[in-house]
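Student: Sequence:
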Amino acid sequence: MINLIYLTVLLPLLGFLINGLFGRKIKNEKVIGIIGSASVGISFLIVVGAFIQTAGLPPAERSNTVELFSWLNVGSLHIKFAYLVDQLSLIMSLIVTGVGFLIHVYSIGYMHGDKGFWRFFAYLNLFIFAMMNLVLGNNFLVLFLGWEGVGLCSYLLIGFWYDRKFEKGTTSQAAKKAFVVNRIGDFGFLLGMFLIYMTFDSLNFNEVFSRAASFP
Numbered sequence: 001m002i003n004l005i006y007l008t009v010l011l012p013l014l015g016f017l018i019n020g021l022f023g024r025k026i027k028n029e030k031v032i033g034i035i036g037s038a039s040v041g042i043s044f045l046i047v048v049g050a051f052i053q054t055a056g057l058p059p060a061e062r063s064n065t066v067e068l069f070s071w072l073n074v075g076s077l078h079i080k081f082a083y084l085v086d087q088l089s090l091i092m093s094l095i096v097t098g099v100g101f102l103i104h105v106y107s108i109g110y111m112h113g114d115k116g117f118w119r120f121f122a123y124l125n126l127f128i129f130a131m132m133n134l135v136l137g138n139n140f141l142v143l144f145l146g147w148e149g150v151g152l153c154s155y156l157l158i159g160f161w162y163d164r165k166f167e168k169g170t171t172s173q174a175a176k177k178a179f180v181v182n183r184i185g186d187f188g189f190l191l192g193m194f195l196i197y198m199t200f201d202s203l204n205f206n207e208v209f210s211r212a213a214s215f216p
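The numbering of the sequence shown is our numbering, which starts it at 1 and goes up by one.
Worth flagging that the hints you see were computed from the coordinates, not collected in a lab.
Keep in mind that this is a model prediction, so the values were computed, not measured.
Mixed in with the good hints, there may be bad ones.
[As the list claims (entries may be wrong)] Cβ pair distances, simulated, as ranges:
| # | residue 1 | residue 2 | range |
| --- | --- | --- | --- |
| 1 | R24 | D86 | 24 to 32 angstroms |
| 2 | R24 | F194 | 37 to 45 angstroms |
| 3 | D163 | L17 | 35 to 43 angstroms |
| 4 | M198 | V66 | 23 to 31 angstroms |
| 5 | M198 | K115 | 21 to 29 angstroms |
[Said to hold, decoys possible] When the alpha-carbon atoms are kept at most 20 angstroms apart in a straight line, the in silico SDA-like pairs for lysine to any residue are as follows:
| # | residue 1 | residue 2 |
| --- | --- | --- |
| 6 | K168 | D186 |
| 7 | K80 | L94 |
| 8 | K30 | G41 |
| 9 | K177 | M193 |
| 10 | K27 | W161 |
| 11 | K115 | W161 |
| 12 | K115 | I34 |
| 13 | K176 | V208 |
| 14 | K27 | K80 |
Where is the CB? At the ideal position from N, CA and C, for every residue including glycine.
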């Protein structure tokens, strides 16, 4: 199951693409809900299997890297798009996919009859995709990609009912505020990555942590 961990990221992305591109034509809420929920539910089962498999390994073998492709090669900077599968990342993945699945199932009834039903489920799937990149990434750049995705989805979900007015304003105004706050976080994140790379000559978690242990 460890080698299949990439599916826990790709399945929600697939759900997003199907509901996002064809949801308006599908129209059937049950089908849209099943597509969105199943993509996260299957991801949860894969994470459970990977967690059990990891728990059965010797302590020294409980941290594994699943590499997908070489992403960036500039000078001494070599970054692969890869996922770190260890007990911490799996626990976080269990929370993301487990709670995410329950939210998807609950939303089938909660969003019943809403004209944006398909769009809401597409956003939820995209949110899970971003969160899984955030918790599984084996380097700071993949983590940042997940962070940006979560920020985008927060903006989309907060402003979902953009055409409605509430007592304290519109959801689009709240979404813009969240977007601005996230951009402040982006600056700190990028600055931190720059300092880490300049100090440790790497953005890979394992390399940075091992070098930090011997850092004066």
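Student: Determine whether the Cβ-Cβ distance between R24 and F194 falls within the hinted range of 37 to 45 angstroms.
Tutor: Because 42 angstroms falls inside the window, the suggested range holds.
Student: Is it true that the C-beta distance of D163 to L17 lies inside 35 to 43 angstroms, as the hint says?
Tutor: 25 angstroms, violated
Student: K27 and K80 were given as a pair; does the straight-line alpha-carbon distance stay at or below 20 angstroms?
Tutor: 39 angstroms, violated
Student: Check whether the Cα positions of K30 and G41 lie no farther apart than 20 angstroms.
Tutor: Given pair K30, G41 holds - Cα atoms ~16 angstroms apart, limit 20 angstroms.
Student: Going straight from one Cα to the other, do K115 and W161 come out at no more than 20 angstroms?
Tutor: Holds, because 10 angstroms separates the two Cα atoms, which is no more than 20 angstroms.
Student: Keeping to a limit of 20 angstroms between CA atoms, is the pair of K27 and W161 held or broken?
Tutor: Holds. K27 to W161 sits at ~19 angstroms (cutoff 20 angstroms).
Student: Hey, K168 versus D186, does the alpha-carbon distance stay inside 20 angstroms?
Tutor: The hint is violated at about 27 angstroms.
Student: Straight-line Cα separation of K177 and M193 no greater than 20 angstroms?
Tutor: 25 angstroms, violated
Student: Need the status of pair K176, V208: alpha-carbon distance at most 20 angstroms?
Tutor: Since the Cα atoms of K176 and V208 sit roughly 35 angstroms apart, the hinted pair is violated (cutoff 20 angstroms).
Student: Taking the beta carbons of M198 and V66, is their distance inside 23 to 31 angstroms?
Tutor: 28 angstroms, holds
Student: What's the verdict on K115 and I34, does the C-alpha distance respect the 20 angstroms limit or exceed it?
Tutor: Given pair K115, I34 holds - Cα atoms ~17 angstroms apart, limit 20 angstroms.
Student: Could you check the hint for me, namely that R24 and D86 are 24 to 32 angstroms apart, CB to CB?
Tutor: Since the Cβ atoms of R24 and D86 sit about 40 angstroms apart, the hinted range of 24 to 32 angstroms is violated.
The structure does not agree with the numbered hints 1, 3, 5, 6, 7, 9, 13 and 14 stated previously, though it agrees with the rest.
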